[in-house]
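Trainee: Read off the chains here:
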Amino acid sequence: NAGVTQTPKFQVLKTGQSMTLQCAQDMNHEYMSWYRQDPGMGLRLIHYSVGAGITDQGEVPNGYNVSRSTTEDFPLRLLSAAPSQTSVYFCASSRGTGELFFGEGSRLTVL
Amino acid sequence: GQQVMQIPQYQHVQEGEDFTTYCNSSTTLSNIQWYKQRPGGHPVFLIQLVKSGEVKKQKRLTFQFGEAKKNSSLHITATQTTDVGTYFCAGNTGGFKTIFGAGTRLFVKA
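Heads up: the protein sequence lines correspond to chains S and D, in order.
Position in the first sequence (first residue = 1) + 2 = the numbering used here.
Position in the second sequence (first residue = 1) + 1088 = the numbering used here.
Keep in mind the hints are simulated off the structure, nothing from the lab.
Do not take every clue at face value.
Said to hold, decoys possible - Derived CB-CB ranges, DEER-like: (1) D:G1128 <-> S:T22: 23 to 31 Å; (2) D:A1198 <-> S:D28: 35 to 43 Å; (3) D:G1104 <-> S:N64: 41 to 49 Å; (4) D:K1145 <-> S:G42: 24 to 32 Å.
Here the structure is a predicted model, which is why all the values come from computation and not from measurement.
We treat Cβ as the ideally placed atom computed from N, Cα and C, and that holds for glycine.
Let the hints inform the model, and build the full structure from the sequences given.
Mentor: Encoded structure:
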């Protein structure tokens, strides 16, 4: 099992560009989520999903869109990147309200 | 909204010394989880506590969940260099929103 797979691992964008961070899990988990990690601020929840077709906002949703068309995939879209979105992004999945399984992270720099 | 505070932000210890990190929530939690993140890595699940007053041990690590289910602690006895990293608590209030504390970064000097 691959677990939670995130792509790309590294990305550099210019302000205003758009991009999608991909996340896929092969554990048949219903729950998936996106976090961003910034120094001194821990992991902040961006968006989450409790199943295909269902998404909800987390703590810091502005500037990000998500969709969940399948159980396996949960992409995160930045429509118009800003320098404040420079961060490390982690995707996670779980069976319920228990253990979160994290991907290896995507490091995004917005110039 | 739900907030989870964690202290201290950093802790430097000599190898063999003990270490404790504390977590406090603004709301009552249905469960609390602890994760460890090594430098350059991703968070890895350590344990979940569910019951009021619960205490769990994993070798040198002791985890506690407060009676009011609003606070928790992680204590490491006799730290080793392999314990370095950032320890996060993460709280859940019953839904699927898991909110993380800011983490405590542990440095261990040999």
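Trainee: Please go over all the hints and tell whether each is borne out by the structure.
Mentor: Cross-check of the supplied hints:
Taking 23 to 31 Å as the suggested C-beta distance range, the pair D:G1128 and S:T22 conforms, at roughly 24 Å. A hinted range of 35 to 43 Å for the beta carbons of D:A1198 and S:D28 is consistent with their spacing of about 39 Å. In this structure the hint that D:G1104 and S:N64 lie 41 to 49 Å apart at CB holds, the actual value being about 46 Å. Between D:K1145 and S:G42 the Cβ separation comes to about 30 Å, which falls inside the hinted range of 24 to 32 Å.
Against the hints set out earlier in the document, no violation occurs for any number.
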